[in-house]
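Taken in sequence, the protein lines are chains A and B. Residue 205 in the numbering used here sits at position 143 of the first sequence, with consecutive numbering throughout. Residue 166 in the numbering used here sits at position 104 of the second sequence, with consecutive numbering throughout.
Be a bit skeptical, because a hint or two may be false.
As the list claims (entries may be wrong) - Each pair of labels, with its calculated beta carbon distance range: (1) A:Ala-389 <-> B:Glu-68: 35 to 41 Å; (2) B:Glu-68 <-> A:Arg-262: 33 to 39 Å; (3) A:Lys-304 <-> B:Lys-239: 29 to 35 Å; (4) B:Asp-120 <-> A:Lys-260: 20 to 26 Å; (5) B:Leu-142 <-> A:Asp-203: 41 to 47 Å; (6) A:Lys-260 <-> B:Arg-317: 52 to 58 Å.
Claimed, not checked - If we take Cβ atoms under 10 Å as the criterion, some of the chain A residues that face chain B in the derived model are: (7) Gly-88; (8) Ser-219; (9) Thr-238; (10) Lys-239; (11) Pro-269; (12) Val-338.
Hints in this document: simulated from the structure, not taken from any laboratory. All residues carry an ideal CB built from backbone N, CA and C; glycine is no exception.
Chain by chain, the residues run as shown.
There are 2 protein chains.
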Amino acid sequence: MDEVQEMLRYAFQTKNRLTIPVSGTGSAGMEAALANFIEPGDHVLIGVIGYFGERMVDMAGRYGAIVDRIAVPWGQVLDLAEVEQALSKQSYKMLAIVHGETSSGALQPNIPDFAKAAHKHGALLVLDTVATLGGVPVETDTWDVDVAFSGSQKALSASPGLAPITVGARAEEMLTKRKTQVGSWYLSLREVQKYWGKERTYHHTAPIQLNYALHEALRLVVEEGLEARFYRHQENAEQLWKGLEELDMELLVKREHRLATVSSVKVPPSASHDKVKNHLLEDFGIEVGAGLGPLKGQIWRIGLMGHSSQRKYVSLVLAALREILAAG
Amino acid sequence: MDEVQEMLRYAFQTKNRLTIPVSGTGSAGMEAALANFIEPGDHVLIGVIGYFGERMVDMAGRYGAIVDRIAVPWGQVLDLAEVEQALSKQSYKMLAIVHGETSSGALQPNIPDFAKAAHKHGALLVLDTVATLGGVPVETDTWDVDVAFSGSQKALSASPGLAPITVGARAEEMLTKRKTQVGSWYLSLREVQKYWGKERTYHHTAPIQLNYALHEALRLVVEEGLEARFYRHQENAEQLWKGLEELDMELLVKREHRLATVSSVKVPPSASHDKVKNHLLEDFGIEVGAGLGPLKGQIWRIGLMGHSSQRKYVSLVLAALREILAAG
Numbered sequence: 063m064d065e066v067q068e069m070l071r072y073a074f075q076t077k078n079r080l081t082i083p084v085s086g087t088g089s090a091g092m093e094a095a096l097a098n099f100i101e102p103g104d105h106v107l108i109g110v111i112g113y114f115g116e117r118m119v120d121m122a123g124r125y126g127a128i129v130d131r132i133a134v135p136w137g138q139v140l141d142l143a144e145v146e147q148a149l150s151k152q153s154y155k156m157l158a159i160v161h162g163e164t165s166s167g168a169l170q171p172n173i174p175d176f177a178k179a180a181h182k183h184g185a186l187l188v189l190d191t192v193a194t195l196g197g198v199p200v201e202t203d204t205w206d207v208d209v210a211f212s213g214s215q216k217a218l219s220a221s222p223g224l225a226p227i228t229v230g231a232r233a234e235e236m237l238t239k240r241k242t243q244v245g246s247w248y249l250s251l252r253e254v255q256k257y258w259g260k261e262r263t264y265h266h267t268a269p270i271q272l273n274y275a276l277h278e279a280l281r282l283v284v285e286e287g288l289e290a291r292f293y294r295h296q297e298n299a300e301q302l303w304k305g306l307e308e309l310d311m312e313l314l315v316k317r318e319h320r321l322a323t324v325s326s327v328k329v330p331p332s333a334s335h336d337k338v339k340n341h342l343l344e345d346f347g348i349e350v351g352a353g354l355g356p357l358k359g360q361i362w363r364i365g366l367m368g369h370s371s372q373r374k375y376v377s378l379v380l381a382a383l384r385e386i387l388a389a390g
Numbered sequence: 063m064d065e066v067q068e069m070l071r072y073a074f075q076t077k078n079r080l081t082i083p084v085s086g087t088g089s090a091g092m093e094a095a096l097a098n099f100i101e102p103g104d105h106v107l108i109g110v111i112g113y114f115g116e117r118m119v120d121m122a123g124r125y126g127a128i129v130d131r132i133a134v135p136w137g138q139v140l141d142l143a144e145v146e147q148a149l150s151k152q153s154y155k156m157l158a159i160v161h162g163e164t165s166s167g168a169l170q171p172n173i174p175d176f177a178k179a180a181h182k183h184g185a186l187l188v189l190d191t192v193a194t195l196g197g198v199p200v201e202t203d204t205w206d207v208d209v210a211f212s213g214s215q216k217a218l219s220a221s222p223g224l225a226p227i228t229v230g231a232r233a234e235e236m237l238t239k240r241k242t243q244v245g246s247w248y249l250s251l252r253e254v255q256k257y258w259g260k261e262r263t264y265h266h267t268a269p270i271q272l273n274y275a276l277h278e279a280l281r282l283v284v285e286e287g288l289e290a291r292f293y294r295h296q297e298n299a300e301q302l303w304k305g306l307e308e309l310d311m312e313l314l315v316k317r318e319h320r321l322a323t324v325s326s327v328k329v330p331p332s333a334s335h336d337k338v339k340n341h342l343l344e345d346f347g348i349e350v351g352a353g354l355g356p357l358k359g360q361i362w363r364i365g366l367m368g369h370s371s372q373r374k375y376v377s378l379v380l381a382a383l384r385e386i387l388a389a390g
């Protein structure tokens, strides 16, 4: 358990004491990151650049927050000035944003500036790193992010079912100063962290095989090294983008905001979203993500995460798309 | 997924459509069983016969319930007449009780009568079967239990991390008639059940390896058959009780209320709770549970659950205790 924590700190690039895997999938980590810091009536500001920003809006409301949202069309990213303006107009408990939006393939830049803006106005910065941790730089301490959460099964390539979370000193202090109990018992970090502390105080039965799987996945992250890992993800993503463009396919997200772990490519007018998706799966063993929400039927999402970010897979998916689209 | 549901229905002895594993450990199942049916301001009545009854009191309060509790000393069980009296004095949304209390080793009898009493007064019966499902008869439909939940790692002997839950028609209807959203997004069954339905609508990434593990564990339950399984658990427990009595050790729970899956035995005045516990683990590879709460240091809890309910383990733990206690 100590090693899991130590390696998670390495992945998050943090010294945060409270760095643990939550016993649930990434969405449980998202809920923990919101529920532990929201008290009924708190104002929170949520940046929505896709599906998972909307999910945070839903969750925060369930915990009694008064939610304001700043949304942009899926595929685009938040504008810092607009968020700063919103922060100056209302006293928010937190600003929650998504680092890598799985639903669109967009990577939110300028995280340190969002952190600075949030802190200037007395708000925490909560960051969804589900699609980035272990694949794209996440510098929790340098960027001064208060709470970051992720999932075990994406760029960390462990089994699904755990949600790494890290909580900085500013946010951890808020856990002890709450006037009300955390709305969820299962996700209440004050109690969960005692299990990960010296006393190993029982809270709930740990999904222990998953914790072992995460340990091994993190060991591989350490063995490869974060820098090499980020380079690999970026290289393979760029090869994919280049290949897609050579196939005259259009990417949804403009170059400077593209996420290396998930690439969203537009369905050509001549092709059927579902047919190509099924063809890829049945004949090539490649599962691409469907378009969600407003992008339903309009994009395919190609994941190159963790173990699956390999040059040979880039070549294979490009060859497969070439064949399928040529066949019409 | 369909097979997991079908085999869970077999284990719960139910035809309930909404029968699924929640993506969290038993406590997440408990929280789902409460959170989905409680709206802020609802009155709920909780029977407390040990640690896990107290946990339900804590959780229900977090979801805004006004909680009344009926408690008995740990090791004893609820008195039906007392619960009926409480139900007649206040309009409760639910009565939540524990079938097998892991912390004390007590089995609550008369579940059908508690169900009848709850229904007579318009309340749901929520039943904690964490320590009983797959080891002791749980007859959801015959007993007319509205909501029952369990854990994957006890008498079902799968990996920890999943919480089977079953919801009857009366309770399922309440899900659609709520005036407020369920407090927890992650545990909201209306959304989760769509993933288990025909459309397989994405809600959260399933902890898929755990679902496969549960499938295999349930397959073994079906292969053995519930009746044979219950007989095995009861037989081995009775052998253990007989052996403990032959060692002049005293059981906490009186015979007619003993739980076959967990037996609590009093620490003799001459012995040290911790020393014997450590000795069992280090020299015999046997981990017994510590006494919790008011029973801290006073009992050991011996589990004979699922795969571990074997005659040879009964013989081993008795031989080990004999040796350790004789050595003093």
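A quick look at each hint next to the structure:
For Ala-389 (chain A) paired with Glu-68 (chain B), a C-beta distance near 39 Å keeps the hint of 35 to 41 Å intact. Between Glu-68 (chain B) and Arg-262 (chain A) the beta carbon distance is about 38 Å. The supplied range of 33 to 39 Å therefore holds. For Lys-304 (chain A) and Lys-239 (chain B), the Cβ-Cβ distance of about 54 Å falls outside the hinted range of 29 to 35 Å, so the restraint is violated. For the pair Asp-120 (chain B) and Lys-260 (chain A), the beta carbons lie near 23 Å from each other, so the given range of 20 to 26 Å is met.
Evaluation of the 41 to 47 Å hint for Leu-142 (chain B) and Asp-203 (chain A) yields a failure: the beta carbon distance comes to about 58 Å. Here the CB-CB span from Lys-260 (chain A) to Arg-317 (chain B) is close to 40 Å, at odds with the stated 52 to 58 Å. Interface restraint check for Gly-88 (chain A): the shortest CB-CB distance to chain B comes to about 6 Å, inside 10 Å, so the restraint holds. Interface hint status for Ser-219 (chain A): violated, as the beta-carbon distance to the closest one in chain B is roughly 13 Å, over 10 Å.
Interface hint at Thr-238 (chain A): violated, since its Cβ lies 17 Å from the closest Cβ of chain B, which is beyond the 10 Å cut-off. A hinted interface residue such as Lys-239 (chain A) counts as satisfied when its beta carbon comes closer than 10 Å to some beta carbon of chain B; here the least separation is about 18 Å, so the hint is violated. Because the smallest distance between the Cβ of Pro-269 (chain A) and any Cβ of chain B comes to about 3 Å, under 10 Å, the interface hint for this residue holds. Hint on Val-338 (chain A) is violated. Least Cβ distance to chain B is approximately 19 Å, over the 10 Å limit.
The structure shown violates the earlier hints numbered 3, 5, 6, 8, 9, 10, 12.
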